[in-house]
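Taken in order, these protein sequences are the chains called A and B.
1 is the number of the first residue of the first sequence in this note's numbering; add one for each residue after it.
1001 is the number of the first residue of the second sequence in this note's numbering; add one for each residue after it.
Derived from the structure by calculation, the hints contain no laboratory data.
For every residue, glycine included, the Cβ atom is placed at its ideal position computed from N, Cα and C.
Mixed in with the good hints there might be a few duds.
To be verified - Among the chain B residues that face chain A by a calculated CB cut under 7 Å, a handful are: (1) F1124; (2) P1125; (3) G1126; (4) N1127; (5) D1128; (6) P1130; (7) A1137; (8) Y1145; (9) G1146; (10) V1147; (11) T1216.
What the hints assert, rightly or not - Per the computed footprint, the stretches of chain A lying under chain B, defined by three or more beta-carbons under 8 Å from a beta-carbon of chain B, are: (12) 29–43; (13) 63–69.
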Amino acid sequence: MDFKRGEEIVFTFDGKPVSAFEGETVAVALYAANVRKLATSHDKHRARGIYCAIGNCASCMMIVDGTPNVKTCVEPVRAGMVVESQPDKGKLT
Amino acid sequence: MIHTDVLIVGAGPAGLSAAIEIGATGANVILLERSNVAGGQLIKQTHMFFGSEKQYASYRGYEISDILLKEAESMPNVCIKLQATVLAAYDDGTWTADIEGEYTKIKPKVVVVATGAAEKSLPFPGNDLPGVCGAGALQTLMNQYGVKPAENVVMLGAGNIGLIVSYQLLQANVNVLALAEGSQKIGGYLVHASKLRRLGVPIMTGYTVKEALGTTALEAVTLWKIDENWQGIAGSEITFSVDALCIAVGLSPLAELLWQAGCKMLYVPSLGGYVPYRDKSLCTSIENIFIAGDVAGVEEASAAMVEGRLAGLSAIKHLGIDLPNQSATEADYYAQLASLRNGHSGEKILSGLSKATL
Ligand SMILES: Cc1cc2nc3c(=O)[nH]c(=O)nc-3n(C[C@H](O)[C@H](O)[C@H](O)COP(=O)(O)OP(=O)(O)OC[C@H]3O[C@@H](n4cnc5c(N)ncnc54)[C@H](O)[C@@H]3O)c2cc1C
Ligand code: FES
Chain A
1 MDFKRGEEIV FTFDGKPVSA FEGETVAVAL YAANVRKLAT SHDKHRARGI YCAIGNCASC
61 MMIVDGTPNV KTCVEPVRAG MVVESQPDKG KLT
Chain B
1001 MIHTDVLIVG AGPAGLSAAI EIGATGANVI LLERSNVAGG QLIKQTHMFF GSEKQYASYR
1061 GYEISDILLK EAESMPNVCI KLQATVLAAY DDGTWTADIE GEYTKIKPKV VVVATGAAEK
1121 SLPFPGNDLP GVCGAGALQT LMNQYGVKPA ENVVMLGAGN IGLIVSYQLL QANVNVLALA
1181 EGSQKIGGYL VHASKLRRLG VPIMTGYTVK EALGTTALEA VTLWKIDENW QGIAGSEITF
1241 SVDALCIAVG LSPLAELLWQ AGCKMLYVPS LGGYVPYRDK SLCTSIENIF IAGDVAGVEE
1301 ASAAMVEGRL AGLSAIKHLG IDLPNQSATE ADYYAQLASL RNGHSGEKIL SGLSKATL
C-alpha cells in the first residue's frame, strides 16, 4: 500500500520536539515516535495508552495547547502544537 | 438552528448509502461524521470483501468507501461534514453537534442513525496497560497511517476480525506469536484460519488471557487454558514477551444517541448488545428516527450498505416523497438482505432480528 503522507511538521511533547506528518492525529504521531504512555488514571495513577484510536474510550487524554482532557487519538496534529502529559483530572485555566 | 429534511449520523457504509438513496430525490441531507475521514470501518480494511457483486465484493474495503463517498459528494443537496460529532438528541426533536469545534443545533424532519459499533473489552489484570488495545486501533495505526503498530503481538479472538487483523499484522512484518480463542472452535472463516496456520501462527483454542504484565507499557502476556466453565486452569500458563495484546472479541452497537432520543431498546446478545426495536423498514419506536448498519445489530458492511439504502427509502417515504418504483425497490432491498443472511452466521443474526423487530 502507498501512504500519502502530509508535510513533515514539528510539535512539542512535554517540552521535547517531536516530528510528525500533517494529517496524523496527536496520538498516532506520538505512537510513531515510540511514546506509548499517553495518559494517567485518576485514582491509581496507572499508565494509559491508545485503546480504540477512534475516540470511543477516552484512554488517551492529554493537555493540548493548554486545554486538558483532549482525546488525542482524534485530535489532528499541527505545527507548533504544545502537547503535555496530564497527571490528574485536568484544571481549567 | 439549522433546518434540514434529513440528518444522518455517521459516514460509514450505512450512513453513506442512506445519503445516496435520499440524495437522489433532491431532499436536503446533512451527514455528520466525527472522524476526519469518511468511510467508517471500511477505511481500515485492506482485504478483499466477501459478499455479492451488488455490495462490491472483491473490492478492498477502502476502495468501497471511496466509491460511496464520491457518489454522495457529487450530490449538491448532500452536505457532508467531517470532524462533526453528534452530541445529543432532545425531546423536542432538536439534535446538537460539535461541528469543527462549533456547537450547533439542528432540527431535522427525519434522522438516520448509522453510528456503527465499538469494540468490546475484556476484564483481566493489566487490561489497562498501554499496548493492550482493540484490533481496530492496530488497524488504524498500520492501515490508515502506515505506522508499524508493534514488533510482537498476541491476538485474542479467532472471529473474522481476529483472523483478518492477524494476517494484516504479518503483512506489516509484525510477529504474531499466538492467536488465543476461549471457545473450542474458531468463529471466523476457515480459509482465513488456514492461511494463518500455513504462516506458522499457532491458533490456541480453549485459551484466554490470565494477565497482562508491565509497568508503564505492556511487556508480556500470560495465557492459560480454561475449562468448560471458562475458569482458568492453574499450571497451564504460557507467557509471551509482547509489546501489544490485541483484543478482538466482538463489537457492541454504539447506541447512546438512540437511548437519549428515547427509542425503545432491547438486549440481544447475537446482535452485539443493546439494540433499538425497529420495524421491517428500519423505523425505531420513534416515528422519524431510522437506523442502519452495525448500530442496528453488528453484522457486515454488505448488510450495512443495503440497510442504509432501505433506511434511506423509508426516510423518503416519511418525508412524503413519492417515487415511481418505490415498492419494487423496497422488495429488492429486502431480498438482498435475505440472501446476505442466508448462510451459517446469518442464522444467528436472523434469530436476533426476530426478537428486535416488531
Ligand atoms: C477487521 C474487520 C474486517 C471486516 N471485514 C468485512 C468483510 O470482509 N465484509 C463485510 O461485509 N464486512 C466486514 N467488516 C464489517 C464492516 O466493516 C462493518 O460491519 C461496517 O463497517 C458497519 O458499517 P456502519 O456504517 O454501520 O458502521 P461504521 O463503519 O462503524 O461507521 C460508523 C461511523 O459513524 C461515526 N460515528 C459514530 N458516532 C458518531 C457521532 N456521535 N457523531 C458523528 N459520527 C459518529 C463513526 O466515526 C463511523 O465513521 C469487517 C470489520 C472489521 C473490523
Ligand atoms: S484511544 Fe480511545 S478515545 Fe482515544
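To see whether the hints hold, each was checked on the structure:
Proximity of B:F1124 to chain A is violated relative to the hint, the smallest CB-CB distance being about 14 Å (cut-off 7 Å). The closest approach between the C-beta of B:P1125 and any C-beta of chain A is roughly 11 Å, which is over the 7 Å cut-off, so the hint fails. Interface restraint check: B:G1126 against chain A, minimum CB-CB distance 9 Å, threshold 7 Å, status violated. For B:N1127, the interface hint is violated, since its Cβ never comes within 7 Å of a Cβ in chain A; the closest pair sits about 9 Å apart.
Nearest Cβ of chain A to the Cβ of B:D1128: about 6 Å, under the 7 Å cut. The hint holds. Among the interface hints, the one on B:P1130 holds; its C-beta lies about 3 Å from the nearest C-beta in chain A, closer than the 7 Å criterion. For B:A1137, the suggested interface contact is upheld, since its CB lies about 4 Å from the closest CB of chain A, less than 7 Å. The criterion of a C-beta within 7 Å of any C-beta in chain A is met by B:Y1145, whose closest approach is roughly 5 Å, and the hint holds.
For B:G1146, the shortest C-beta to C-beta distance to chain A is roughly 4 Å, which falls under 7 Å, so the interface hint holds. Residue-level restraint check for B:V1147 holds (minimum Cβ-Cβ distance to chain A is 5 Å; threshold 7 Å). Of the supplied interface hints, the one on B:T1216 holds, with its beta-carbon coming within about 4 Å of a beta-carbon of chain A, less than 7 Å. Counting residues of the stretch 29–43 of chain A whose CB falls under 8 Å from any CB of chain B gives 6; the rule of at least 3 is met.
By the rule of at least three residues with a Cβ nearer than 8 Å to a Cβ of chain B, the coverage given for the stretch 63–69 of chain A is violated, with 0 such residues.
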